[in-house]
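Respectively, the protein sequence lines represent chains D and Y. Mind the numbering: the first sequence is residues 1 to 347 in the numbering used here, read in order. Mind the numbering: the second sequence is residues 1 to 178 in the numbering used here, read in order.
Check before you lean on any hint, since a few could be wrong.
Unchecked claim - Across the chosen pairs, the derived CB separations fall in these ranges:
{"id": "1", "chain 1": "Y", "residue 1": "G60", "chain 2": "D", "residue 2": "F304", "range": "51 to 57 Å"}
{"id": "2", "chain 1": "D", "residue 1": "A282", "chain 2": "Y", "residue 2": "D125", "range": "24 to 30 Å"}
{"id": "3", "chain 1": "Y", "residue 1": "A86", "chain 2": "D", "residue 2": "F209", "range": "36 to 42 Å"}
{"id": "4", "chain 1": "D", "residue 1": "D239", "chain 2": "Y", "residue 2": "P21", "range": "57 to 63 Å"}
{"id": "5", "chain 1": "D", "residue 1": "P47", "chain 2": "Y", "residue 2": "P24", "range": "22 to 28 Å"}
{"id": "6", "chain 1": "Y", "residue 1": "P151", "chain 2": "D", "residue 2": "D48", "range": "42 to 48 Å"}
{"id": "7", "chain 1": "Y", "residue 1": "K27", "chain 2": "D", "residue 2": "F237", "range": "43 to 49 Å"}
{"id": "8", "chain 1": "D", "residue 1": "R322", "chain 2": "Y", "residue 2": "E83", "range": "36 to 42 Å"}
{"id": "9", "chain 1": "Y", "residue 1": "P18", "chain 2": "D", "residue 2": "F209", "range": "36 to 42 Å"}
{"id": "10", "chain 1": "D", "residue 1": "R322", "chain 2": "Y", "residue 2": "H150", "range": "57 to 63 Å"}
{"id": "11", "chain 1": "Y", "residue 1": "A173", "chain 2": "D", "residue 2": "D8", "range": "33 to 39 Å"}
{"id": "12", "chain 1": "Y", "residue 1": "P149", "chain 2": "D", "residue 2": "D224", "range": "39 to 45 Å"}
{"id": "13", "chain 1": "D", "residue 1": "D48", "chain 2": "Y", "residue 2": "A86", "range": "51 to 57 Å"}
{"id": "14", "chain 1": "Y", "residue 1": "P149", "chain 2": "D", "residue 2": "F304", "range": "37 to 43 Å"}
Derived from the structure by calculation, the hints contain no laboratory data. Where is the CB? At the ideal position from N, CA and C, for every residue including glycine.
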Amino acid sequence: MTAELDPDAAQAAIEYCYAQDWSDGLPLVPASQPLVDRFLATTSKSPDEVLGELEQVGRDCTVYLAAVNAAMAGCLPGYFPVVLAAFDALMRERAARGGGWQSTSGPAPMIVVNGPVRHELGFNTAGGAFGPGFRPNATVARAIGLIVRNAFGVRPHVLEQATQGLPGRWSICLAENEEESPWPPFAIDGGQPAGVSAVSATLLRTCEFVDNRHTPDPEQVLWDIADTISRTGSLIFRDTSAGVVFCPEHAQMLADAGYGKPDVQAWLMEHCGRTGADLRQAGKNGLRGIARFASPDETGDGEFTRILPSPRHVPIVVAGARNAAISMVVRVFGEWSGTAIPVQVKP
Amino acid sequence: MPNPILDPTGATATATKPRAPRAPRRKDLRGATIGLLGNTKQNAAPFLDEIGRLLISQHGASKAIARTKVNFAAPAPEELIKELQASCDVIVTGIGDCGSCSASAVADGIALEAAGLPAAAICSDAFAVTADAMAELRGAPGYPYATTPHPVAVLTADQVRERAAQVLGDVVALLTHP
């Protein structure tokens, strides 16, 4: 059977794509019109419809270009409505429309998929949520990266100026573990009704684990998470945004103790922050001109500065396996738009 | 015949842009009103203020007007360009010291030139590639701008003044050489 396939022709086509500078470094699936037509057949949108524009570089992305890039990323045609929703959700982020893709911080999209589409398309909703290993999760995230590179023309070392970037760029697509989450799905926080397939997205500056599997006290878990959220290294502006991707075990422990998502958010808003002395010690005080943190001197040492201004600055998702109490703090670049986009498949 | 491999960039659909216009130059800066367009980046305002002060004291400019572009990543809004056009003779803009703001400082320089204002954009030298790429995107390949060594944000007030003095000659040349 495999004798009918031509590996040499496939390799030549892959090398052609590298030579055009289209690749993110890994092999691309060479896209042909019949393949892209199958992508376009999954949506009611016209191929010419503009999905998003990057004003400062004078480029936009049409449905057609999104389809070509999604095909090259290795998506199946059926994933395309999820790619479209993810791109729409991301373009609602001020950071993504502004200079985020060009930024020295090299942010990574975090895409969250909810609803029946997770199982219909075979998304991983369990262990190894941040990947790799699962085609829908890996290729939907990669498609976004290829759109930024090819349709927007934001390439590394040229218009993209990431100093170090971050692990997981173009590969974080979580399908929420709704089945083991004690709380309503994330898409509901984004304004969608229950049971709807929807995609949310934001930009991250990094992820950091909180491994806390030895306490039965939910408040100790929250203190541990607050310590990670509050470290000075990530503080730049007066406000910050840090979400938590809870593992099912931590989420269930909190829910059993009576915490809903709003309670967790309120607790973290109250307890995350640093004293003036801590900020001063790390040179994060009294920045000239921008004045994001007050007190250039010792007079503010005793003052505790809270850093999370609203529940929307603390998005909460439940993902991963029920096998250990390990959650992830996700540092949002800018601020989550608070909008989930429904996945629209052509009837 | 096999199917052709599709292009994911849309490049074939992009028409070549006309060459961006360059504002006519003054022979010198005597009596000129200098617009200082800052971008909120740390040390940008004192850096530009010092440039303005030196252009007045050493090159006979009459005064300097400081304006701030709040969103450093985006091109300057049209109203701001119009305001500068109405009130200034030449513009100094910057300091581009990040991925998006260095590119956008150069984009602003090119937009100001199109509005008839000679402009000198100042970028940190770490961002020359992205600044050049933006110039090309805006139809002004090779658009000249001034550079100052990276980093700028960590400089003390005295060091900022020193840097401004160092780049002054390039700024004057950009604003006056045809």
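Tested hints:
1. Y/G60 <-> D/F304: 51 to 57 Å: Holds, at about 53 Å.
2. D/A282 <-> Y/D125: 24 to 30 Å: holds, 28 Å
3. Y/A86 <-> D/F209: 36 to 42 Å: violated, 55 Å
4. D/D239 <-> Y/P21: 57 to 63 Å: violated, 41 Å
5. D/P47 <-> Y/P24: 22 to 28 Å: violated, 45 Å
6. Y/P151 <-> D/D48: 42 to 48 Å: Hint holds: Cβ distance 44 Å, inside 42 to 48 Å.
7. Y/K27 <-> D/F237: 43 to 49 Å: holds, 44 Å
8. D/R322 <-> Y/E83: 36 to 42 Å: violated, 60 Å
9. Y/P18 <-> D/F209: 36 to 42 Å: violated, 53 Å
10. D/R322 <-> Y/H150: 57 to 63 Å: violated, 48 Å
11. Y/A173 <-> D/D8: 33 to 39 Å: violated, 57 Å
12. Y/P149 <-> D/D224: 39 to 45 Å: holds, 43 Å
13. D/D48 <-> Y/A86: 51 to 57 Å: Distance hint for D/D48, Y/A86 is violated at roughly 39 Å.
14. Y/P149 <-> D/F304: 37 to 43 Å: holds, 38 Å
This entry does not satisfy hints 3, 4, 5, 8, 9, 10, 11 and 13, going by the numbered hints stated previously.
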